[in-house]
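Here is what each chain is made of, one letter per residue.
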Amino acid sequence: MLGYISGRKVGIDDPLRLRRAESTRRLLSLELNHGRDVERIHGNGVNCLDIEAVEGRYMLSGGADGVIVIYDLENYSGKPQYTCKAVGTVGRSSRFAHKFSVETVQWYPFDTGMFISSSFDKTMKVWDTETLKPAERFMFDGNVYCHHMSPVARKHSLVAVGTKNPKLQLCDLKSGSRIHVLQGHRAEILSVRWSPRNEHILASASADSTVRIWDVRRASGSLFTLDQHNGDKSKAAAEAVNTAHNGRVNGLCFSGDGLYLITMGTDDRMRLWNSSNGENTLVNYGKVSNESRKGLKFTVSTGCSLDCVFVPCGSSVAVYGLHSGELVATLRGHYNNVDCCDFHPDYQELYTGGKDCNVLAWIPALRAPDVEEEREVRPPLRQLPLVSKPHPAPLAGGNAFHVWNAFHVWDAFHTWNAFNSSNKTQSVVVVFGGGKLMTLFLFIVEICIVYKSMSDLYHKLICSVISVVKTNA
Amino acid sequence: MELAQRDKLSELVEELTTSGQQQLNQEKIKEIKKICRLSKDYVDHVYDSVMAQLDKEHAEIRLSAFQIASELFSRSHQFRIRLVDNFQEFLELTVETDSDQPLPPPKEVAKKLKISAIKTIQSWQAQYGTAYKKLALGYHFMKQVKNVDFNDVQARTVAERSRENERQRRMERIYKDRVETAAKEMEESHQEIETTVTEMKSCLKLLLPDEFGLSDQTAPGPDSRTLGDTAPGGRGLASRQLSEEHRPGSSLTAEEAIGKEKNGGNNERRQEEDEKKCLDARMEEKPSLETFETVELEGREELSMKQEEKEVDRDEEETWMNDVSYEDVFIRNSGLISHSYTLNINVESDVQVKETDDNEAVVSTLIELHRLITTKHLPAVKSWVQVFTRSGPEQLQLLRSALLLKMSLESLLKKEKLLHIDYKTRIRKVTRATADVEEDDEEEDEDDFEEVPEKEGFEPHIPDHLREEYGLEPSASTSAAPSTQRALPKRPAPVVSPSTTARRLRRRLEEERDPTCAAATLHLLKGQMRPCTGPSPRVSEPPSPAVGSAPAGGDGAPDAPIVPFGLDLYYWGEKQPGAGKMIKSTSQHRFWVPSEVDEETENPELLAESSSRYISFPGTFTPVSHHCNALLGNGRLCPRQDRVKCPFHGVIVPRDARGRPSRAEDRAREEREERRHRESHPDWQDVELMQDIEAATGEDLGSKRLLGKGKGKGKGKYPNLSNLKKSANTSRSRLENKVFNKKSVRRVSEVMTKIDSRKHEKFSNQFNYALN
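Residue numbers (the UniProt record's numbering), protein chains in the order written: chain A, 1 to 473; chain B, 1 to 772.
Keep in mind that the hints were calculated from the coordinates and are not lab data. Think of the CB as a built atom: it goes at the ideal place given N, C-alpha and C, for glycine as much as any other residue. There could be a bad hint or two in this list.
[To be verified] Heads up, incomplete: computed chain A residues facing chain B, CB under 10 Å, no partners named:
1. N33
2. D37
3. G43
4. G333
Isolated chain B (complex conformation) (with noise of 0.2 Å):
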């Protein structure tokens, strides 16, 4: 046996077993195979040092070993012969056997170990267990005494398999229990969904009857009937426009309802089919509202396209409309306006419905709905099903009804969603309201957090800082008045039919014309105001020197505080008689009096405190609205808020939005800052191809000095090998590490002995602290 091949084996063992890798480099294995088939003794010595490894403390080392010899084991007798004869040890160290040995870390590559282990263990007892008595022995020992079950891939131990059925179990009795809550929980409140659900199906159709589509009482199911009211809805709001807004040439002629007939009559045809799909979406169960959906979609999708088809241009249609003397008695005599008539309907394919005065409850009912809906039941409705799905197939039944409940809530929802019904215009209306008409409640509710100055009636002008308080937005424009006109126009919608306009002017002068009505006050203020628009806040404002919390106190000087009356500003320039001077009298007693008493004594803290006073002027925190905004190497920008100094980026410039400064100074200043760095950290310089350059030449090109300052040290013996000592990142390691860590103990106990040593300080005349 030459020393240069054993060395050359031990080394292959060693990097082979310590690569950290899951698969053995096949060339190395092959090379270990060469040279062990020159002799016995070079297998005995990689016998000898595959058990070494086997028995190091590492998962992998130890799974990169088991496949080494696993490779051998069925390569040579010799091998064989070695490994069975210490085969306890060697379940030992791969299959846990010992209880009191558990595999090492990292647990991941440990169980990988034990299953491919045992399924090893497996094929050789079918290939060799008959010729190797102890083979045979440890295979009988691991699946009789051991209770390793061979057939399960998992390869759990006895205990593992138990542990894992009563987690099982536990889970189960979890889910029966939530199961059962669900149930009675939907029991429960299935009444008030109905009752929310048919609420909000009126609601639905007060805003958008039936005749338009939107019905649902011809249609049986939730869902079916929620595709009528994509289609003719769309055609409901073209009408209703039509009627509303009096388009040219847009009264009702036959044709077109001719035209729509048909297009409903095809409408309705498909919608059956569609219905039908539902229908056999519905049977099963759960992918349902996806098909449903789907189906919505397509039939919309569908609906367009036919409308494109029909597409004439409108100045087409008018042309024809404007060209009645060839067309009158074609009219008369057939209806038609022409034989070769198209009718282009534009249909827009969302509806909007506008909120006016007539609706204006119904809606507000359907924002409540929606919000109960969205808030409380369709989660509710959710979590039940999950629930029950969960549960398993014995609960079909709640599962199914808990499924409709949430499919008609969905549809609803969706419903409601294509009405287009525009909330943020109405949410502004309404709290426009309560600011106009119930200013003093408000008022009144804010005293309780707040204390103001009591007002008297309507408070006309509402300066500029509290206007944000009031609900309403900063302006220039003093009065409340133009505050109804002001959000008129912020509706998306600005077509404001005239009828409408004239309706609320009329309203509003009947408001005026009430005296209870908060216009009216509104009205009566409006005229005394006028002459003395803009007059200075201050004047307006009742005097208030003791609260100083209001940032507006002057016009000159905003940043002045107010401070309270004294002493000092009583005396102010003055010298102050007697300051700070303390008068003891006299004692009293009768044979001990002191020889010579000091009647008066100065005292400066009296003094001072007499004729200085401590103002402080905090300031207010202002919030930070810029970004660092460098660029980073991710490509995106630095979005640090730092007030003046980025810890990264340095100072903080402006930039534009490619991540430079837009400041040329700036822009050159970092330049030479990169360049400076450059210079430090050439590119040439990759610190890993200087130490593959280094370890092939032998020559020191300085990649330590680089890494000692980049990087660190580099890892130990086998940087390959996953690093068992390191922490695993939790949040109790980071605690420890913050808790524990040399500085802060240190700190803490100094502290701990300062106070100790103040103890005994303080009481060092006392024994029990005198003695330590």
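The shape of chain A in the complex, shown without the other chains (with noise of 0.2 Å):
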């Protein structure tokens, strides 16, 4: 950690590495924590979640009775203990809460003021978040299993929609139609996504174990199917279209830079694709076992040396490494099937949904003091959020400085101890700048500072500041 500190200090590091070695460990040490609970409001098993992306505060649930919660992830209440409240809830007696089992929420990906869900009734629902009530409604004719919309398009505001029939549906929310159906599938359609990368680049699994990658642009097919044996004829038995798994495929999911495509199927196998030639990387997971028959919700860690996935298997979750394939951890925890997890890339937190009703939050696991430390040691109530893009968070005192990352190192902290020989100090390190022209401030804090938020960590640290070490590359 030192290393990367001082690597990046003198500038001969990308300013990425420390970040994602950070991360990395950041991952490697998930544990189910005591000090985070999420509140108990599902009275059903929870069939999936999603973290918004624009502030990474709050989290949608969706449980199999027709509930959908929404979460405040954030703690502000100045205890190392917290328990994640639930803000709004679309409970049963709501009269607009869904008839069945919600398959799938997402959040709008640009505002959090609105969210969309798909359920077993047969229905999509926009729902205006402040109020909780349906802004609008799909109707479609068979189960919806899923439904996507891009994180990065600007373009369009397209929701695929994989329903019970083959066609894969595109609803528009600007005009709120179905506008499009693309099809090619043979059954009925488990899991869409969008790509994080094009925004008009959509893949879709279906039960007639095929994926196919769709450019929406192009209506009259798709662009490709994948072949998990790579066109190798031989192998492939006398199929007129290319397989991607020997059974249905339920679960589908780019990698944070969609630039791969992960694929699972009830042929307890995972794989993971080109995404741009659609090409078998044939990657070894070994088993995954895959028990459900719906919609399988994984996820991917984001912006680690070590990107891993996140697969529910039974009651446990496992972390693949994405690349090596190997079976990094298990995090055992639920007492039933997990259903769904969701990663928190800022923070580098898994949350998980299971049909034991419970929503589990795996925290990072903090660095344990040195052992020559013997004073006491008051733990932060949070790992500061690595975040790779321009925080929202305003800087107090009109500043300037455009902030391009900030963490609290706990490594940091000891060595500047030692450098310092003060005993009430704690360090954070702040990064201005980025690229070439990165300036590396090393704030000396005092303890008694208690971070309410992040823009007030801010305003602290501007105040207090003691002693600064400034470096140019």
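Put the two chains together into one complex, using the hints given.
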């Protein structure tokens, strides 16, 4: 860690490296932390989870009994013990609630004022977060297995919906109508995903064991179908179409950068595909138990040097290395089947929901203080977020600095302790600038600071600078 | 971590879990704890071995493993961490959270394991729930998803609970139905029972009139009246006896009357009290009967006590009576015999109603009624009471009336019992009467069942072997006439008053004069029979050669059978002409005549038939009347009734009451055998003891040989655990053992193949049999 910091200090390292190292460490140390609970609202299994991308603060969950809950993940209480409160609930008593199990929930990618849910009652609803009333309802012929909105689309606002009908539906939020169908699958569509890289690219997985990649601008047919044998005709049985799995394909996920596509099939296999050309990368994950007969919600970590896939496997969550294919860890905490999981990209936290009605938070373990430290150490409330994009929190005092990176480094704290021989200090590394023109400031902050919020933190930081180490690369 | 300690730990865990005990051995668990205190690694090791044991498919092992786990859970942080980390599996293995993995048998232990596990987890949650997140999660999971009610000691799941409810509802419905039918039944037969009760009452009244206290007119309830009839009833009898038998000095004097009055007064007072008690008792519905009985008994006892107090010897009494000269004046003056007069009345506590010709009809009605009550009404009423009590408080009214009925019936029965009517005598008399009077009718009845040669009128002589058939005792005496008298001395009350005998004699004379009466015929025949007493039965009996079943065929050869007449008898001792020859007629055909025809052929079968005869001597079955009587291990005698040889004790020999052979040579033989047995298995060679010694010393003393001979193989690896493979001893399993054992299966298959092959032989020329 210190090596990374110093490397960054002197500018020989890419700024991403430190971030990656730290987030990887966090990823590998995920554990069921008794400091963080999620309020028990669901009286039935939790089918889907979604954490919004704007602030990373709110989480949606859809239950098997049609209940939708919005949780606040941010801890402002000032205590390490925190229970994520439900800030909004569409309960069974609500007349707008879905009649049957909610299969998918998703935030509108650019604003928390809206979210979309689809259910086995053959409807998809667009909700207003403030009033918790549906603003729009789409009716379908069959059960809705999944829907997805492009996280990067600026030119369109299409929702891809997979139903029992083999035709993939495209709903336009602008007009509030189903504008398009994509034909090609022969059985129900269990999962759809937009590419996070290209706003027009869409992948769909179906029970006919095919995965098709679409360009929504080209309506005549899919771009290509994924082939598990990479065109090796000898292995493919006399099948006319290429198959991605030997059973139903019920899980689909793009990697964070959109370069890869991960699919899950009921043949207990997970496959990694190159999303640009549909090539099977032939990463061997071994047997990945897949008992779900609906869509399977699994997720991929982003921004780590070793990206991982989190796959619900029975009552545990298996963590596989994305490219290595090895089983990194197994997270056991649920008492019944796990149905869904979602990864918080900023805090490297994992949230999982299962049939035992629980939503569990898997928090990275804190770095343990060194053994020689004898004084009382106050643990931080939550590790600072590792953000790669401009943080929306405004800096107090109208500071013109653009904060690229801010994180709390526990090791640095110890180092600087030793360096400083001051017992009551705490260090925060704040990096100003980016790329070649990076400036690293190391603030030694008094320990009594209580972080109320990020903006609060920055304010305190600026106000109580004791010493500044300034390096120009 | 030392290897020895480690091994010791594994061993201890295994020993504890395979002990089969419900409780852990405290010393061993202490030892485990002691070792675990040394290091974390030991804890880990124990955890691993405990989990391995928990995974075994045996509820007893799991229970013990769970108990170890719960012991260590409260002690070791490391153990808690490990266990909570794998809490899902732990729950699956102990609380059966996964319905696909039910707890293994035996059922009882599994149930216990589940209950104790649920309790323990609750206490863990209370103690450590805040510190161990997964523990809390598991607790909530069980509580909310699995709906385990932690307060419910039964630890039932929802399904079990609903099943239980369902069962209860069904039972309720059944009970309701039963109550309804019972109520209806009761409504229907209430009247009948009432009539029966009234009839019985009046019968009893007739037998033992009111003035003797048997009445119930005065007492309103059905239960209070029975009290009255015990004490005064006894007195009633006494007076009756007095009046009937004319005992010396038994004329009712005034003193006696007074004494009686006094006594009666006492009795009445007590009776009142008792009535009150009874009424009290009746208030509490159920136990009233018992209280009633006890009260009654008490009353009786008290009475007899009082009588005893007053007791003076009868001799004394007589002396008083003899000494008239002194007392004459006194009696005249006061009516009392003496100032210090104490009267001793020997009152029998039991009433004895003798049945005479006068009350015969009443008694027979009584018997009928008794039978009716005991066989029909009382069971019905009892079942109603049962139904109503089970149905709960809503049927109180019905229950009350049913109880009243029951009480009245039972009291009636009791009263009737108190009368001590001699049923036996009566019954004998009745049968005798029918035997005498309706002999012919009976014959006719019997004709329906068995072919018997016709008889003319009354059969004066009944052969010994038929006596039983006629309902008579086998006796040497010939005539039926003395049978009237024979019955008399059989009565348990032999005091026959001269008046009754006289009356009976007179009655018989009358009957004899009446030509329609059987007695007349009897009288007539008696005269005829007298000269020829004891003729050979064959003479009197009509010859019946066809009836093979007549066993008393002849005096000389009682066992020789009577066979039908046949050709062989016809040609007895002669050569039979042409026996066994078959004559074939020559062919009638015109052209196709065989060259040579044997006109006569000898048929050996036919020959044998005409010259010989099968006579079978099957003998008759005589039931074995002796027992083996050898001394059994439990001190009793062997009750087996084999004819010759007992399979356990050998040839049956006469034995005395203690099971020893009564003949000396038998005794010697048995002793010899016993000695030989003892020599082969000496007493000191106790198998278990020998095994212990062998285990301790390592030397082979030959216990295996003894074991192998005696008990067969010892138990498997863990002798203390209950054997799961041992199938339950149900009728089904026994049948299965019988039907599916190798021998019988093989036998059946052999028979089947034989049948098949026979078919094959028979029809082998048909294609479908030829094929297989």
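Hints and how they fare:
At a threshold of 10 Å, the smallest CB-CB gap from N33 of chain A to chain B is about 7 Å, leaving the interface hint in force. Hint status for D37 of chain A relative to chain B: holds, with the closest Cβ pair at about 8 Å, below 10 Å. A least Cβ separation of about 8 Å between G43 of chain A and chain B falls short of the 10 Å threshold, and the interface hint therefore holds. Checking G333 of chain A against chain B by beta carbon gives a least distance of about 6 Å; that is within 10 Å, so the hint holds.
In this structure, none of the earlier numbered hints is contradicted; all agree with it.
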